[in-house]
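**Q** Please take these sequences and the hints and turn them into a complete structure.
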Amino acid sequence: MRKSVEMASEKPTKRMTKAARPVVDREVWLDAARAILIEQGIDAVKVEPLAAMLEISRSSFYWHFKNRKELLDALVEYWSEVNDRVLRSMVQPHETDPKERGQLAKSRLRQLINLFIDERQFSSEFDMAVREWARKDPAIAKEVARIDRQRIAHLQKIFQDMGHTKPDSLIRAKILYFHQLGYYLTGIKESEEVRKRVAPRYLEVLSGIKL
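Each residue of the sequence shown is one higher than the one before, counting from 1 in full-length UniProt numbering.
Calculated from the structure, these hints are not laboratory results.
27 Å max Cα-Cα, derived DSS-like pairs, lysine-lysine:
#, residue 1, residue 2
1, K46, K136
2, K174, K99
3, K142, K69
4, K99, K157
5, K99, K210
6, K69, K46
7, K174, K106
8, K157, K174
9, K174, K196
10, K157, K106
11, K166, K106
12, K189, K174
13, K157, K210
14, K66, K46
15, K142, K46
16, K142, K174
17, K99, K166
18, K166, K142
19, K196, K210
20, K157, K142
21, K66, K136
Using C-beta positions, here's what the derived DEER-type ranges look like:
#, residue 1, residue 2, range
22, K196, R58, 41 to 47 Å
23, S123, A199, 17 to 23 Å
24, V23, Q103, 43 to 49 Å
By construction, the Cβ of each residue, glycine as well, lies at the ideal position given by its N, Cα and C atoms.
**A** Next comes the structure, spelled out in structure tokens:
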């Protein structure tokens, strides 16, 4: 009788231990997926390699994602969130006074260039990896095109706040954006020191205003 009571008391403990088992956070899976995407491409982003990389069982994956497709959908959203967070913050809110708005826009343009230089909040590798993925998947290509339009619109707003006309602001925004993409795509390697030294001149040429 005593043995059966002891056995009965053990069962809830085992169930609680299993239920309380630590689960790897969703963002950890996304970071791992990002790393594999950058290093090996989209075809390598699969559950088993990710689990092996994290040294955990595959079952942990299904706490957060139904399947690989759901992971990939989340990865695209993660790319946009991580790489565009700072850029979005630069265009909201705006000062109502034209003079103050112009000064703020100049400051934001400098911040943007610094963002591209140090890459701590904008990963060019992640951006290029997603673009390579888009070459294989029309749905991803459509999403990348949407994000590109959104980014250009943000840049256009900054130039407009600096006093440029809407048409001129759009052209300047495209020049800045496509220039930066080209820099990444060509694989140019310059030291951070060199990039910081020439940045002020780039800003003057791109903005048409001495900053």
